[in-house]
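Using the UniProt record's numbering, the first residue of the sequence shown is number 1, and each one after it goes up by one.
Hints are not guaranteed to be accurate.
[Claimed, not checked] Here are the simulated distance ranges between beta carbons:
hint, residue 1, residue 2, range
1, P90, E147, 48 to 58 Å
2, Q156, T20, 38 to 48 Å
3, R104, Q32, 21 to 31 Å
The hints are simulated quantities; they were obtained by calculation from the structure and are not laboratory data.
Note that beta-carbon positions come from the ideal geometry of N, C-alpha and C, so glycine has one too.
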Amino acid sequence: MPPRLHTSRARTKEKEAENTVVHLTALGPEGQQVRVDTTRFAETRVIRNQIAVQVQVPPDEMQLQVDGEVLWEVHGRPFEGWDADELAGPPGPVVQWWRCSRLRALLEHRGLSGVNAVGRFGRSALHFAIAGDCSLCRLIVEDETFEEATVDLQDQFGDTPLMLAAILGFDTSCRCWWARARTSRHGAGPDGRPWRWRRSTATGPW
């Protein structure tokens, strides 16, 4: 008879690891420090929000960095691969933060001159942000220079931003972005949808 697998015990250990409390230090641009309690598997977006509450800076105006690496991926887990000793410290994890426009930072990082510009792989800022970053998508579509054609722009693989989000499994991001787009400042047509967004319904059921 094969040995009995203690799957419940294994799941318990995984849950304990997931819930491991991490006492991190948020280090500001002028050397100010605050302590923030998070977890090993906390995503970047969660950590940003936690720090933002402590230092009274809007999350959309805050950039984070750990060990010299800017945290671009909102669903990334910066401490997932850390050893227990590294998490426990001293000194423990340090997250550097500074105030800036996350939108402008993205454009600079991707080498884009604006929200409608095309960069690597023929992608716009919306292509890069649509993978789960709802707040950044909102900043893009609300930018006064944003053009209608950008929402239907196909990259070199033939994917629009919404199609790319669905392919990558970020349906929630699609719905979030589309809901915000429908209530944009550009006015609505007879069907209740803003005129400028009606044509983009051809790219997906959002």
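Inset, instruction - Determine which of the earlier numbered hints do not hold for this structure and return their numbers in increasing order. - result: none
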